[in-house]
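Colleague: The whole structure should be built from the sequences, with the hints applied where relevant.
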Amino acid sequence: GAVVSQHPSWVICKSGTSVKIECRSLDFQATTMFWYRQFPKQSLMLMATSNEGSKATYEQGVEKDKFLINHASLTLSTLTVTSAHPEDSSFYICSAIMGRRNSPLHFGNGTRLTVT
Amino acid sequence: QQQVKQSPQSLIVQKGGISIINCAYENTAFDYFPWYQQFPGKGPALLIAIRPDVSEKKEGRFTISFNKSAKQFSLHIMDSQPGDSATYFCAAKRSGAGGTSYGKLTFGQGTILTVHP
Numbered sequence: 005g006a007v008v009s010q011h012p013s014w015v016i017c018k019s020g021t022s023v024k025i026e027c028r029s030l031d032f033q034a035t036t037m038f039w040y041r042q043f044p045k046q047s048l049m050l051m052a053t054s055n056e057g058s059k060a061t062y063e064q065g066v067e068k069d070k071f072l073i074n075h076a077s078l079t080l081s082t083l084t085v086t087s088a089h090p091e092d093s094s095f096y097i098c099s100a101i102m103g104r105r106n107s108p109l110h111f112g113n114g115t116r117l118t119v120t
Numbered sequence: 005q006q007q008v009k010q011s012p013q014s015l016i017v018q019k020g021g022i023s024i025i026n027c028a029y030e031n032t033a034f035d036y037f038p039w040y041q042q043f044p045g046k047g048p049a050l051l052i053a054i055r056p057d058v059s060e061k062k063e064g065r066f067t068i069s070f071n072k073s074a075k076q077f078s079l080h081i082m083d084s085q086p087g088d089s090a091t092y093f094c095a096a097k098r099s100g101a102g103g104t105s106y107g108k109l110t111f112g113q114g115t116i117l118t119v120h121p
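Protein chains in written order, with our numbering: chain A, 5 to 120; chain B, 5 to 121.
FYI, nobody ran anything at the bench for these hints, they're computed from the structure.
Don't take every hint at face value.
Quick list of in silico lysine-lysine cross-link-like pairs, DSBU-like style, CA-CA up to 30 Å [claimed, not checked]:
1) K108/B <-> K45/A
2) K68/A <-> K45/A
3) K9/B <-> K68/A
4) K70/A <-> K108/B
5) K46/B <-> K24/A
6) K45/A <-> K46/B
7) K61/B <-> K45/A
8) K108/B <-> K68/A
9) K108/B <-> K24/A
10) K70/A <-> K46/B
Modeller: In structure tokens, the structure reads:
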């Protein structure tokens, strides 16, 4: 079945630094990728939608200058958390979908970000 | 209009029992309703999904019941096992929507299921 790989699975960084998270679709071309954020014992909150070759669309309240998304190819999207602060500590999950109308959404295994 | 309300927040079931999780939605444009299972520290995994042209879908021990007129759908886990202990999320989306909403899921709040041996 379709696999979405996310890297790294966990990262610890110091406040003020930037962290990049990669999301790859391993056996299919993902026309659209989504980035979610999940706090402990809460639901997934959509942060942004990215389409290959175009600018990402951010959800209301998500700072686009802080969470930089690049969808450089049909198999790779990256999320960069810039100037990270402790409140950015969270579980970040990407998902990908093929371009077909009724394609299911496949999720990566998430990245646990801890900002100290 | 975009909300999906899920209940209960947590559920404890004995091994062999039936686990039932319910969801309700408002947006009648939703036409795809998946359920996801998430284990701690992992991303959600698609469990089963249904479209509104059927009232029930069964895959192994998992069944989705769908009531279009009530705008409700539920997940039933038969013969619940300790390995089913996880967080379950219902979701909904407009599968035919174009542009940036294509594939965009609206999630319920999640249900933490604990199955005791």
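Colleague: Taking the numbered hints from earlier one at a time, note which ones the structure violates and give those numbers from smallest to largest.
Modeller: none
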